[in-house]
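Engineer: Residue numbers (our numbering), protein chains in the order written: chain A, 33 to 145; chain B, 285 to 394.
Wrong hints could be hidden among the right ones.
[Claimed, not checked] Listed next, the in silico DSS-like pairs over lysine-lysine satisfying Cα-Cα at most 27 Å (straight line):
id, chain 1, residue 1, chain 2, residue 2
1, A, K50, A, K87
2, A, K87, A, K102
3, A, K89, B, K341
4, A, K103, A, K35
5, B, K381, A, K102
6, B, K293, B, K357
7, A, K102, A, K35
8, A, K85, B, K357
9, A, K102, A, K50
10, B, K381, B, K299
11, B, K357, B, K391
12, A, K89, A, K50
13, A, K50, A, K85
14, A, K89, A, K35
15, A, K35, B, K299
16, A, K102, A, K85
17, B, K381, A, K35
18, A, K87, B, K381
19, B, K381, A, K103
FYI, nobody ran anything at the bench for these hints, they're computed from the structure.
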Amino acid sequence: DVKVTQSSRYLVKRTGEKVFLECVQDMDHENMFWYRQDPGLGLRLIYFSYDVKMKEKGDIPEGYSVSREKKERFSLILESASTNQTSMYLCASTEQGSGNTIYFGEGSWLTVV
Amino acid sequence: AQRVTQPEKLLSVFKGAPVELKCNYSYSGSPELFWYVQYSRQRLQLLLRHISRESIKGFTADLNKGETSFHLKKPFAQEEDSAMYYCALSPTSGTYKYIFGTGTRLKVLA
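Just chain A, same shape as in the assembly (with noise of 0.2 Å):
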């Protein structure tokens, strides 16, 4: 059973702060996404990775940047927190290929102030 772990489900962070979301998959998966989920928007790409020290940014790469060391980890990296990036950030991973199934962790929920 694939499991993608989050490792901070609730933060809390001031203006200013750096903040790193931690995200590990089990299954081996070349493909590693980081996204956020707000009301009404939908699921917003931030970063997809498709292998170590690969990346592409997605659709609302500004203000975040990733890191991919190793296979199984992937990170999310908000250099200087803002309020409107108060949100629920999702990690996923998929394996290689189209029409795969994506399996996505429980989410971080993180509030700026």
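Once you have looked at the hints, place chain B on chain A.
Structural biologist: Frame of chain A; chain B shown alone:
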């Protein structure tokens, strides 16, 4: 442009009534299409995919290439069907970045 559209943000039906959650897509080619569901306090998970042509929890979805639609249907709604539903498209070439709709919240009333 590649796009998935779910026109309804909220759909309320009574228990036992039929349900149809609408999904339209825009894609130049033959995409893979999915429905994902998120129940309260649970992670987002796959409900069904068009290529499997299966029924899950009484839900079915038919791909209509002429109308570019992939509507989700269930003949008799149950209270436990209340959840957030997302339609998603997987491109069949390129970088395989999935595209999600904005979601429809289904509320099944007793």
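Engineer: Out of the numbered hints, which ones does the structure contradict?
Structural biologist: 3, 8, 10 and 15
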